[in-house]
Amino acid sequence: MKGRLACLISLVAVTACADIVPPAQREGYEYRQILGTDTLSFKWDPSLLPVKIWIADDSPLRSHLITAISRWEQAFVYGEFRATLVSDSSRADIIVRNAPPTSGAGLRLAAFASQCLGETTYQLGSAPKTLQLPWRVHVWPASNPNATGIQDCYRITVTHELGHALGIINANHAGALPTDVMYRDPVADGLSERDRNTIERLYHSRTTLTAVPRP
Amino acid sequence: MRFPLFVILAVAVRPSVLEAQLTARLSAGATMGTSLVADAILYDDVVALKTSVAPTIAIGLGYPISATHKLLGELRIASATLTGSGSAGANDLGALRTIEFSVMAEGPLPYHLRFQVGGGAIKYSPARAAGAFLDDAPIKPMVTAGLAWTKSLRPGLELQVGGRWGLHEFTTKTLERRGYSLAQRVHRLGITLGVERAW
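Here the protein sequences come in this chain order: B and A. First residue of the first sequence: 1, per the working numbering; consecutive thereafter. First residue of the second sequence: 216, per the working numbering; consecutive thereafter.
Check each hint, because a few of them may be wrong.
Computed cross-link-like contacts, EDC-like style, restricted to lysine to aspartate or glutamate with a CA-CA straight-line distance of at most 20 Å [claimed, not checked]: (1) A:K355 / B:D19; (2) A:K388 / B:E193; (3) A:K388 / B:D19; (4) A:K338 / A:D351; (5) B:K129 / B:D38; (6) A:K388 / B:D38; (7) A:K366 / A:E411; (8) A:K388 / A:D351; (9) A:K388 / A:D350; (10) A:K338 / A:E384; (11) B:K52 / A:D351.
The set of hints was computed from the structure by calculation and includes no laboratory data.
Could you put together the complete structure from these sequences and hints?
Okay, here's the thing in structure tokens:
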């Protein structure tokens, strides 16, 4: 009898507990791009995951890109973003190069760290409210490719630029603080809570742009 | 720790009827569970971590504690797919294996039925450290209860159809680090078909 009573008490004790409570405040910054009267916003649709990223095998950015992918994947609790490296650039959704951009086409999002520079570009599609893949990410040395601290700069800037390619496309980096990797002159080596909150909010909002796969 | 908890408990509880039989059972079936986490990041988008219906195998040993009741130790392994589901669709988070160990009292009911009630622990084992399982794969205490219908196939061998309910609280270090508080009650329901052999 005592055993049954103990079981019953245990059962009631466990079932009486409350459900999990999500964080109340999720402070972040602006991720949308205002273009004239249009508000542009973008996120990767689950049907496009894992996002295919190309980088040259011998690129000095390669290990930093792998770190950046891992950082952004880990920002999500519900698996909203996954990426994989591909060997064929013509199949890639994002192309990463260790060189400055050669053309001024598309919408530009830049970063200015001390030893290196970064720029991410995307193009709107011919159909309304579309974004033509691929995204193009460029990170290159400001002057000396062997400058002290350039590896740190690469790691921070590649993480920053990949954040743009995930959809944080506000060109002015409005609201981002120096502690955020998405600050315009990034110095934070890793994602802040505000970076995570912002990307999480973006991936649970309605967006205006839909990605058009490459022909 | 090579001896299962069941054996320790079985030795501690002396059988009142010496002729009662030791039993072993093997069963297979499926387990489903409620969401591990649910969250409204924005008001119009509720997102949840869900597990698919999981193929399940269970092995158990029964030790008589009276003429009609047994102490039952059971190991139950289920392999599900974990997804993060929201209004935008479902994101695949890979395989999620659960390993349950439970110790239960089992007794007779009318119509060839038996009840089971007890407790144990559930261990989560994700295929990759991601999402809520980034920092750890937790082990949680649980309560469990079940019902089994039995049919004698021949002396010493029984067919069993079982239903099992379990309840535990779920949270992880990652969720706590991200500001989630308290824990999610997770209900699990399993159905199995198996055989039990007595000695």
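Right, here's what the structure says about each hint:
1. A:K355 / B:D19: The hint holds at about 15 Å.
2. A:K388 / B:E193: holds (16 Å)
3. A:K388 / B:D19: holds (16 Å)
4. A:K338 / A:D351: holds (11 Å)
5. B:K129 / B:D38: Given pair B:K129, B:D38 holds - Cα atoms ~10 Å apart, limit 20 Å.
6. A:K388 / B:D38: At roughly 41 Å apart (the allowed maximum being 20 Å), B:D38 and A:K388 break the hint.
7. A:K366 / A:E411: Between A:K366 and A:E411 the Cα gap is close to 10 Å, so the pair holds against 20 Å.
8. A:K388 / A:D351: Measuring from Cα to Cα gives roughly 6 Å; hence the hint holds.
9. A:K388 / A:D350: holds (6 Å)
10. A:K338 / A:E384: holds (12 Å)
11. B:K52 / A:D351: Outside the cut-off at roughly 28 Å; violated.
Consistency with the previously given hints fails for numbers 6, 11, ordered from lowest to highest.
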